[in-house]
Amino acid sequence: MAEKNEYYSEENLARIKKNISTSYLYFEDNYKRFRDFRRFVFCESVTEDQRTMLRRLNRPATEFNILEAYISRLLGEFSKHEPSITVSPAEDAPIPVETTKLIENHIRHVMYDANKNSFAYEIYKDLLSGGFSVAKVWTDYASPMSFDQVIKWEREFDPTLCGFDPLARSSHKGDGEYSFALRPMLEDDFKRNFPKIDIADMEFTRDIEGFNWTFIDSQDRKTILIGDYYEKKKKAVKIVKLANGVVMPLKKYKKMQLLWEQEQILEQIPVIVGQPRMTTLETICHYKLMNNEILDYQETDYTFLPHVFFDGNSIHLTRGPTSTNSYQMTRPYVYHAKGIQELKNFAGQTICNHLQTLVQHKYIVKKEAIPQEKDYISALTNPQRANTLVVQAFMENDPSIAIPDPIVPVQQMSAPPEVMQAFSASDPTTQVILGSYASNLGQNDNDLSGKAVIESASVGNSAAMPYVVGYLAGLNQMARIQVDLMPKYILGKRKLPTVDKAGEKDYQDVNSPGNPHLDYGNHALN
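Here the sequence shown stands for residues 1 to 526, numbered as in the numbering used here.
Treat each hint with caution, since some may be false.
Computed Cβ-Cβ distance ranges for the label pairs, DEER-style [to be verified]:
| hint | residue 1 | residue 2 | range |
| --- | --- | --- | --- |
| 1 | 97 | 140 | 36 to 46 Å |
| 2 | 97 | 197 | 46 to 56 Å |
| 3 | 91 | 204 | 20 to 30 Å |
With a straight-line Cα cutoff of 35 Å, these simulated DSBU-like cross-link-like pairs (lysine-lysine) come out [said to hold, decoys possible]:
| hint | residue 1 | residue 2 |
| --- | --- | --- |
| 4 | 234 | 488 |
| 5 | 32 | 232 |
| 6 | 101 | 254 |
| 7 | 234 | 222 |
| 8 | 288 | 238 |
| 9 | 101 | 232 |
| 10 | 235 | 288 |
| 11 | 136 | 254 |
| 12 | 136 | 374 |
| 13 | 505 | 233 |
| 14 | 505 | 234 |
| 15 | 238 | 505 |
| 16 | 18 | 241 |
| 17 | 222 | 252 |
| 18 | 232 | 254 |
| 19 | 152 | 235 |
| 20 | 101 | 17 |
| 21 | 18 | 254 |
| 22 | 488 | 125 |
| 23 | 288 | 80 |
| 24 | 18 | 32 |
| 25 | 125 | 255 |
| 26 | 288 | 233 |
| 27 | 505 | 495 |
| 28 | 125 | 235 |
| 29 | 18 | 101 |
| 30 | 338 | 238 |
| 31 | 505 | 493 |
| 32 | 222 | 235 |
| 33 | 338 | 32 |
| 34 | 191 | 32 |
| 35 | 362 | 136 |
| 36 | 222 | 241 |
| 37 | 235 | 488 |
| 38 | 254 | 367 |
| 39 | 191 | 101 |
| 40 | 191 | 238 |
It is worth saying that the hints were derived from the structure and are not from the lab. No experiment lies behind these values; they were computed from the predicted model shown. Glycine included, C-beta positions come from ideal geometry on N, C-alpha and C.
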């Protein structure tokens, strides 16, 4: 009980909340940039301040979004490709080829299952439009009536509610000491899920610009943030080496012995070679917490943090005159094109304003030249109807006096040519800024082969390759986590779903005579 109280103590809660707050403040600018650019690209490219100014000037707040098409094009091309997966044993790990092939095919199945919910597509969309994304590897039972656990991948719904250790340096941030994800929960849902927790005295604020654990949303609903906080913990473990060369914790070996007896496997279990020894291993602790209480604590079988950071094309910069205070700046694909989008909007709004303020009058008629007959007046007041214009050429009171220029057509003023030039020049300028262009521009498509057209499209999108590299780095870490979890959660005789390189789906028996055994140790595969 004393050990449990240590994990649930107020001091531990304060330490965890400080880590979450530190991580949030470190990444706050990136969170804001993520939200602002997603809204700028997909919702509206005219800000509220700009709309207020346009209303003050009586100008139309029209938009001419040219950035979403570039992102949609990259997403469309991305959806046609699937990354290859290769699993290889470490230098001193004698893993059979059949086992590595099975693991590869099962990872493909997990990816295929995740992509049913557009996992890869949404991750890449986050990278292009927001600059980063976050995903998670987790385990769950195969069904409500199953005892078998399966490994799943999913994208975190809101990457701006996730955080990592600011000292993490790997692109996937798996080398940090902790990671977390915050999930908003309505007051009624919280009471239903945690009926023993009293929240009667909890304060809710409407100011959600900063970081608040409790707040009132735009629909006047009380909301509580629930945190899933994962932290690395070092512990001493006794390990053993088996006759087949596999090294594993003694605790896991005893569990394997028990399963061997329960499954009545005829094959002899590998014996321990030599004497066990003590070592220090990292394990992951999971805290579920709210503003004023730790709700749950568990020590998991994970070796890696389950949250994976997908980096788009970030850059590390320094603050101040020294290089000691550095920070990470994430940037969406269209980061440098924001200015040209605003120029496009401004030029288009100027053109719309010019069209809106065009003089509707067709003629300037001298007062003395206006005839008195209704039919003649109708021709002047209804210029859209075909008719003959008749005006008086002489003064009505004195026919000897001619009226100079009795009727003159109204001359429309054209828009300044610089405005039209700016509006038209914004499109090629956007291509230059984004590095997205057709290398076969100006050539007749009939003179190009299909392969040349495809290569031309690839060259035109090379500027987006850093985002593909960031996506693949995150995907590689997801696969590493799954490889680490498979021997811990896929125990006993099982049938694993697989997808091979050709896309063929099948099932493979594991942990049975004549079939691959998932009994490798930590860091045995790459």
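Query raised in the report: Failing hints, ascending?
Result: 1, 3, 7, 12, 13, 14, 15, 16, 17, 20, 21, 23, 25, 28, 29, 30, 32, 35, 36, 38, 39, 40
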